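Colleague: Line by line, the protein sequences are chains A, B and C.
The UniProt record's numbering applies: residue 1 is where the first sequence begins, and numbers increase by one.
The UniProt record's numbering applies: residue 1 is where the second sequence begins, and numbers increase by one.
The UniProt record's numbering applies: residue 1 is where the third sequence begins, and numbers increase by one.
One should not assume that every hint holds.
It does not matter which identical chain is used: a pair holds within one copy or between any two.
Stated by the list, open to error - Once the Cα atoms are required to be at most 30 Å apart in a straight line, the calculated DSBU-like pairs of lysine-lysine come out as: (1) K382 to K44; (2) K122 to K372; (3) K47 to K372; (4) K47 to K382; (5) K276 to K420; (6) K120 to K372; (7) K276 to K3.
These aren't lab readings, by the way, just hints derived from the structure by calculation.
None of these values were measured; they are calculated from a predicted model.
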Amino acid sequence: MTKNTNIRISLPAVCFVWQIAMIILFGVFVRYDEESDTHWIEHKRRKNISTNLENDFYYRYPSFQDVHVMIFVGFGFLMTFLKRYSFGGVGFNFLIAAFGIQWALLMQGWFHHLDSDDWKIKIGIENLINADFCVAGCLIAYGACLGKVSPVQLMVLTLFGVTLFAVEEYIILELLYAKDAGGSMVIHTFGAYYGLTISRILYRPLLSQSKNYQGSVYHSDVFAMIGTLFLWMFWPSFNSAIADHGDGQHRAVINTYLTLASSVLTAFAVSSLSQKHGKLDMVHIQNATLAGGVAMGTAAEFMITPYGSLIVGFCSGIVSTLGYLYLTPFMEKTLKIQYTCGIHNLHGMPGVIGGIVGAITAASASESVYGKEGLINTFDFKDAVANRTVSIQGGHQAAGLCVAIAFGLAGGALVGGILKLPIWGDPADANCFDDEVYWEVPEDEDENIPASRHLDMNHISTK
Amino acid sequence: MTKNTNIRISLPAVCFVWQIAMIILFGVFVRYDEESDTHWIEHKRRKNISTNLENDFYYRYPSFQDVHVMIFVGFGFLMTFLKRYSFGGVGFNFLIAAFGIQWALLMQGWFHHLDSDDWKIKIGIENLINADFCVAGCLIAYGACLGKVSPVQLMVLTLFGVTLFAVEEYIILELLYAKDAGGSMVIHTFGAYYGLTISRILYRPLLSQSKNYQGSVYHSDVFAMIGTLFLWMFWPSFNSAIADHGDGQHRAVINTYLTLASSVLTAFAVSSLSQKHGKLDMVHIQNATLAGGVAMGTAAEFMITPYGSLIVGFCSGIVSTLGYLYLTPFMEKTLKIQYTCGIHNLHGMPGVIGGIVGAITAASASESVYGKEGLINTFDFKDAVANRTVSIQGGHQAAGLCVAIAFGLAGGALVGGILKLPIWGDPADANCFDDEVYWEVPEDEDENIPASRHLDMNHISTK
Amino acid sequence: MTKNTNIRISLPAVCFVWQIAMIILFGVFVRYDEESDTHWIEHKRRKNISTNLENDFYYRYPSFQDVHVMIFVGFGFLMTFLKRYSFGGVGFNFLIAAFGIQWALLMQGWFHHLDSDDWKIKIGIENLINADFCVAGCLIAYGACLGKVSPVQLMVLTLFGVTLFAVEEYIILELLYAKDAGGSMVIHTFGAYYGLTISRILYRPLLSQSKNYQGSVYHSDVFAMIGTLFLWMFWPSFNSAIADHGDGQHRAVINTYLTLASSVLTAFAVSSLSQKHGKLDMVHIQNATLAGGVAMGTAAEFMITPYGSLIVGFCSGIVSTLGYLYLTPFMEKTLKIQYTCGIHNLHGMPGVIGGIVGAITAASASESVYGKEGLINTFDFKDAVANRTVSIQGGHQAAGLCVAIAFGLAGGALVGGILKLPIWGDPADANCFDDEVYWEVPEDEDENIPASRHLDMNHISTK
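Kindly generate the complete structure, drawing on both the sequences and the hints.
Modeller: Right, here's the structure in full:
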């Protein structure tokens, strides 16, 4: 069975129409906020701010750039591991992230930042970080579908994914007043179940036909390590980027640094333990080493203590690697969920762990540990939730986790149904995981330079 | 025809002589500025500065490091796309950038930072950023000559390029008082026309003899994406690195972030539209996605508005991709300009667009949008230009663009003539784009490990 | 001779036991410091600090992230240059660094940061930087053993290396009061001689049996350039990360930037000079270009002047490249020291140069250059060393260098002896430099996709 994978009309149409829509909507809705507007100089005087350094830019910009690298190089290169889908891995990641951040600025703006005076969204550096965060959810979902969908489908997945994300985030952060600085629930849990459900609906029973491409080669595995390492190194910035100024950001970095270090050791240990001669598996090293960062997403700001962080990393590294070993094959066979990048092991389970850890840590917070003001600051116990107790906070954290899962499953079902329509130019089973379908691929090295040498050698060997 | 490409005397001689010259000139002219000298502690007290954070270092260093990555990894890896010129792409980029930044500190210092008390150049973090910027112009020119010149020629190209840059920059920024924070005119337009003119003069009618190397292979295209992404991600830092403290830097980041996102979508769209089955071309994705950043170089600091930024990215992504499709072949055939990296599409046209956008945005600035103080601050309407109106500013911006083009063309003609002398060890036509000429290249993978396996297979298949 | 390289029990056992030990020790000893604790808000009020920006986090975090990239991507990818040991190069680097930073937080904490009130180690961002620094010493030693040891041996090397480092650092910095901001002595000299001595003890007379793997291929050399460039670009952050706030950090960046630029030119020059046709050698470009950064590690904070920095880079680039050309072969043949990554040329000699430069610069410091307060500040002439003169300081710097070398040699002898025990699962001579031993390596590209094409071609060519 061959499929029509010609996207010469559909992809440009989607790109142009959506980009023009963005321009119009930005024209109507989006303006600079106080700190990025030329009126900052007056604003500064009015608020009696003595130095330009108090501009939020200087608190957030270094973290923002790290997050930006995680989104484009981290996620992008992590998905180059397939032997013949590196262009698609890094290229489509680039496309949908670039679209997604624009749509996220609007969606998150409408829900969180709409100025009630003039109905404008006022953007600054924190909005850019949040837009990157929002897109991360969709990139996780892309990981599940890697190699099996067309770029047009990915654009649709992103359009709906960002929309769902903004609603879910609004419920969790602003209705439930749950805390989720690094997005264990909002980003990772939602993204994973959104992607898994879509993947379930797009189930391809004959995918094994393309199996010879569904693996890595030596150099593609090294490329993927670029993604792994930039994610791993910059995860402290991810979890601290929108944490509270001062001790909040500082603590989030320490906790994430420690939990990541711990999950590296247990990922290596379980990987080695699982193979006949103790040989390590690159899939585990590329992915499960990151589980600690996901699992620390909610509690990063809290006083979880340094050893608490190590324990979280310890457990999530083990759970994630075991997931690759046992759960992924089980889910493919029994539940008919084929997810290329193992996102359930890297984002799903660690995300749920992170949500639970966050709820427990919140529920067990106390004034003796946090200090009276510290407790109020950390959990923002003011205004509508001024009288909330920590145990109630813990309950709301748990409720937030349920909302994230529910949105992932329901949203994935909806979007999966849409993506199943036979109009999107997705590849046939036999052509999955092959860049040839959507890219002009250069002639192979082996057909080109060295090929002639091979032929020469052949002549020699057959003479 | 074979050429003498032995650079065993010339390259070391140039490196040693120039490095020694740098040491002597630095010894005579270069000292630490007030903020990097141990006298800072006294200076701080004298100026009543309360905190070390007010040291410019903390405003600029994160952006500096991002710019540094763009120069060495961004430009360097973008030029690894050729199948057998990756060593030269990233290696010579490294060499000439390392030389160029030293010479730029001197040249820019003499023109902009010479202390009239003691005739010393006082350097600090902003000088390092400007030196990196200055070198960017020469790296763009290198892109035009990639694979066709010797490292000695590149050193000469850089020596003259930096010199011309410093003069041109002085005229545009300090005589015309034009604004160009991200260097659309000063860096990109100048660099592109400088490189194109050199390339025209070094025209090789028989270059097609080496055509089998003038393309990419699968993995070299993935390597080039490392360059693309680091350029793309850090471009907001490039355009904001020397912008005004506070809202200036903040706004430059927002504008550049948006314009880059927009140019990704139109680059993908036009790339897909241009091919039979809508397949994407890696050359476009690697380059045209960046056009937005170039085109926002002048106006990044201005109140161009978020949707204005999206429009600029929209147009420059289209123009740049169309350039690759139609203009590059035309220029090679008709104008006899062979430029390996398509710099006219990535830096030339978007740079000109950026200059024009800057002039228009400046000319249409108003107190109602900027605020009275904001307008003065943004355009530095003080001292010699205290009474300048925005329309006059717009005119001077346009004049600046003309100066950049003129310096590129005239400087390129001069330097091209010098580089045409038959003394520089440049490769023969048949050896262009081949690392073998200037590098000890390891034996090929295919001749080595797998080769034996091939031979084995041959034996099997012929038995 | 075959060896038992099965690490299925030993590697997981070491990882689990050591990670659990870390958790217990962190539980007993490690807490947040004042600036990362929720009590910061009270602390701030008590100390009359007006802004969150005065939290050390904002002074140090950008530099920390750069150092983090150097440790994991810089060192990791620099070690991917071998044709079939890229997994091990980047993967084991990841493993031992992740373990090492935890152990370093404890060891350095006990020696430097133990709170005498409650016997807790209070950690903040500076501890994270120091932990990364500490691990760098072990990664240098890993470079000497690359491809010849098992991951279990590397874990042992790291455990002892970090321990020795903390003691040596305590003696040099806190007993001798020597200054070493970028660790020329403490990190590079110690790490190099530690690794070289281990390598000497693990001498393999028949290593030449595996020589066909002890080289690079085209793409592995390009991968290694990723490591080189990230080390090169971020070295200014390395040398300034824990320098004094304000002018100290600022000056360290300028000095390191210049010295690195200078060593690039002389490394290229000597590399070209050494080959028949002036062809450049990737090994030199990947390594000797970095020598300037190592050699500026001690004096980075001092008023060495910009031209002084250029001179240091000039010399160290030459010495390092000459080391690769003459010293490495000599040491292998005569001294029986086989060190894969040439660490003596990149870290050993430049580290010693750095220590000497530091001693001379300190000894020749004067109030006329530094200012009265500047001199006291830069060398911390207060408390126990309030009356120290600069010549005494110079002497103590030189003493520090001797301590670093002594610890490297003695520690290496001890640990080398331990690692020689036949229980660690190290590879046989014939299997050195081969990822197959410890990794599940994907089937080769050439055996897979293109292989079939080769076979087809064979059929054609033999018909």
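Colleague: All hints, please: hold or fail.
Modeller: Hint by hint, here is what the structure shows:
1. K382 to K44: both (26 Å within a copy, 21 Å between copies)
2. K122 to K372: Between copies, since 21 Å is at most 30 Å while 33 Å is not.
3. K47 to K372: Close inside one copy (27 Å) and across copies (18 Å); limit 30 Å.
4. K47 to K382: both (22 Å within a copy, 26 Å between copies)
5. K276 to K420: between (41 Å within a copy, 25 Å between copies)
6. K120 to K372: For K120 and K372, only the inter-copy Cα distance (23 Å) is at most 30 Å; the intra-copy one is 37 Å.
7. K276 to K3: Close across copies (16 Å), not inside one copy (41 Å); limit 30 Å.
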